[in-house]
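*Asks:* Spelled out from the first residue to the last, the chains are:
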Amino acid sequence: MSKKNSEENEKGLPKAALAVIILVVVAAVVFIVMGQREKFEPVVAGTAAPEFELPGLDGKQHKLSEYRGKVVFLNFWATWCKPCAEEIPSMQKLHEDLKAFPFEIVAVSVDKDGPEVIEPFLKQYGVTFPVLHDRKGRIKELYKTTGVPETFIIDQNGVIAEKVWGPRDWAEPSSTKVIMELVQYGPKDKEAYKSTR
Amino acid sequence: MPENVKEAPSGAWYRTVGSKIWYFFNSLKLTLFVLIALAVVSIFGTVVEQNAPVEQYVTQYGEEWTKFILSTRLNDMYHAWWFLLFLAALALNIIVCTFERFPPKWKSLLDHKPDKFDSGLIDKFSHRETVTLNASSDAVKDRLLNAFKKKKYGVVSMGTKGDYYFYAWKGRIGRLGSDVTHISLLLILAGAIVGSYAGYKDFFAVNVGGTVSVPQAEFKLRLDKFWIDYYDSGQIKQYNSVLTVVEDGKDVMEKQIWVNEPLFYKGIRFYQSSYGQSWNRVQEAQISMKLKGKEALEPPVALKWGELTALPGGKYSVKLVGYTADFAYDEGTNQVFSKSAEASNPAIKVEVYEGGKEVSSPWLFVRYPGIFPAIPNSDVDLVFTGYIPVMYSGISVNKDPGTNIVWLGTGVMGLGFIFAFFVYHRRIWVHVRETGKSTEVKIGGTINKNNFVLEKELKDLTESLASD
Amino acid sequence: MILSLVFFTFSFVFYILTTALYLGYWVFKKKWLGQTATAMAFVALVSTSMILISRAGESGHAPFSNLWESMMLFVWATNAGYLIMEYKHKFRTIGIIVMALESIAMLSALLLPYRFKSVEPLNPALQNKWHWMTDLLSTWGLEKYAIGWLDFHVFTTFIGYAGFAISFGLSILYLVKEKSETKTQRNSLVESFPPAKTLDELSYRAIAWGFPFLAVGIVSGAVWANYAWGTYWSWDPKETWSLITWFIYAAYLHARVTRGWRGKRAAYISIAGFAAVIFLYWGVSFVLPGLHAYAS
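Chains as they are written, first to last, in this note's numbering: chain U, 1 to 197; chain Y, 198 to 665; chain G, 666 to 961.
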């Protein structure tokens, strides 16, 4: 009990000093955190597509910025995801139809297994568009995805024009309206994309 | 609490055995054992999936283990006799302990006031205070009684001027918390037993317009409407049904139900639990005529369920009278039925009329067009090309007469908890003694739990004595 | 900007700072460190409250609909419970273990995949509002703030978990202190904790809050289940584990009044109980469905 008494005799800090310390600490934390505010932005239509670097199946690294100037169809998928497999044929058709245009499909697989699982899968579906592989799945945190498949239509300036949750039949004209508009008329102001949400 | 084993009169062996059994259940160590055993044993039923089809156990655990699981009823362990035995042991434990401990406790709570005071008593308490005040014993007495009154204690005073004794008490009901809680557990158990014997659960898939015959009841339920609400993102928000209770041929009550919002009528509850695509009805089917000699089909004609529709050409009219999602034919009973709920082999039955007379009633298959000619001796064949499905509403029915007993039990349990955890039985003794010009006050007491509260009370009381 | 995630980042830092301050106070025993620690704990509580409030605004429903959101509720309740205990009894050295638990909890929430942190609309099974409350609030146009059995069930259960978490920390301290009290050589760090008897009493007080709240949580869950699906108890893993946890803490309460079972054995039961809480909260969601997945 003597420890308690010695503490009672200790004066400690006056309330004002305590308040100052707390305010300084809180202000510092707020300042530092707010300096990184992009991390808290949702990744949706009207925001910039985060840059990343991932290996293709040949092992060569590719960055998203490589495709700047083209309309990018960024698709997240996995071999174990049935709806992803269902939309791949229509994606391949879209890739072939728009071959002559500044349009690129970049399909990122989040399979934990290696290329030996992905390659046969792609062969089976006759896929010729670029496929990148994020084995650790970190792209999911970067793009804040909540499942697969998810597709981001990115304009020529690297701004997300449309975000699609789940699969789509990309052969349907209504599905590719945004893509076609971008290819034909070029990028819009990013505010304009917010209405597609 | 010492455990007494009473000896029965000699010669009555059943009384010895009986009392040994009785006192076996009068044990807190048994309570600990049963509670921990129940906790451990219940884990098995969460690891081994309950009420799964046998094939699943075989796939997961192999044949040998599956035999073990089934023979010990591990697949439905919470209704197995050995699990119920643990619950019975707990119930007996509660009953016997309450019988043994409640009466003396009740007696001592009613008969709690001391008839005389022992001046040395207060010194024996571990929670006590002594203060000396510059006031007369009468003034102190008044302050003390005031303080006790404010704190809502009951008080008895004794003694003579200059040498007062006080005994104060509060919160006796706190000691009954455990008994009230235990009774509530018995109520809950009783309610569960009543429910499992006198209640039932059922499920019906109803099409719009269809009726449910409610088991063990004198009324029917008719589904008037079913629809699904969606969020903007396309995810399902809610599915709803409008049900009408039909009793003695009359519409008695109408209610819209959705998931979480049931219909309650005469002790039976009806829940919106699921929905699906109907396997024996469609809203509309499309058929096309195929003319002899022509490769292509004619443009499709829509047939609404049960409606007679004239076909182009003026010769035939068709009525849609049947649908089955997965066509199968039982040769024994000559019946058509749906093998599954999946639309694997959709077929419609139509009645074809020529000039008002029925000439055929064929089944048409969307996957096998033209397999059998639809109209005998005709240049026209009919092909089933598409349909608009009808959704059925999945209604769960539940009757459980024990439910109200269980809720009564939980209410009593809440009361028991309040008494047990938040009401403290305090007993405080005070000796006020005038010693010359000043008065010495000795105060001390007991509390059945949470000693900090008693310490604080004693401090509060001594402080209030120092001033007015 | 997703405000709730901003406040989450603030709170995470605040909890780390609070833990460091309580650690400093425990080691160096300076009063100003203790005062700052308590003040920081308050800041963390306010920040955590802001997570819940902003999330409720973002999602349009009560902020406990998934694992991440409910972790925030757990952290909030444990923080509030601890501050109340510190205010009433003035034992600041206990802060280190409670705040260490809070930091671990925040770290676990941080490591969850994004899909747990995102704002999602409720599926049909989770929508329930009390009629009397929607009617009452509609007089001011505030019906959307009405809650129902589900929110009540989650909220009360988490008050229970918070009590059990605090008791878990105190039981560990009890075992450490009790062992040290049997020795003649006393470690000065362990000495600064309250006496073993006090730790035992405080641990009991925490369970005296946790246990009835868990019971209310289980019962309200049963009421909701009965209302939504027609049956108040179906022995599914989540329900069964909540009952297992309840049995263990009931055993704790009876152990405290049984000769030979007070003190150390009661502390072990309290620790086992919290292990059950963790399994009930996290294990059932992640481990048990895995078993079903092997089957299909």
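Just so you know, these hints were derived from the structure itself, not from any lab.
Here a beta-carbon is modelled for each residue, glycine too, at the ideal position from N, C-alpha and C.
A few of these clues could be false.
As the list claims (entries may be wrong) - Cβ-Cβ distance ranges computed for the label pairs, FRET-style:
1. K177/U with R270/Y: 33 to 41 Å
2. E723/G with K422/Y: 28 to 36 Å
3. K422/Y with L801/G: 54 to 62 Å
4. E191/U with E723/G: 18 to 26 Å
5. E191/U with I425/Y: 28 to 36 Å
6. K452/Y with E808/G: 14 to 22 Å
7. I425/Y with R930/G: 54 to 62 Å
8. E723/G with Q532/Y: 26 to 34 Å
9. N404/Y with E191/U: 44 to 52 Å
*Asks:* All hints are to be evaluated individually against the structure, with a verdict given for each.
*Replies:* These are the hints, each one checked on the structure:
1. Hint check: K177/U to R270/Y, Cβ distance near 60 Å, so the stated range 33 to 41 Å is violated.
2. About 34 Å separates the C-beta atoms of E723/G and K422/Y, a value consistent with the hinted range of 28 to 36 Å.
3. A hinted range of 54 to 62 Å is violated for the C-beta pair K422/Y and L801/G, which are about 29 Å apart.
4. At about 21 Å, the beta-carbon gap between E191/U and E723/G stays in the expected band of 18 to 26 Å.
5. Distance hint for E191/U and I425/Y: a CB-CB separation of about 34 Å, consistent with the stated range 28 to 36 Å.
6. Between K452/Y and E808/G the Cβ separation comes to about 20 Å, which falls inside the hinted range of 14 to 22 Å.
7. For the hinted restraint 54 to 62 Å between I425/Y and R930/G, the CB-CB distance of approximately 55 Å keeps it satisfied.
8. Taking the beta carbon of each, E723/G and Q532/Y are about 56 Å apart, not inside 26 to 34 Å as hinted.
9. Restraint check, N404/Y to E191/U: a C-beta distance of roughly 48 Å satisfies the suggested window 44 to 52 Å.
Hint compliance for this structure: hints 1, 3 and 8 are not met, and every other hint is.
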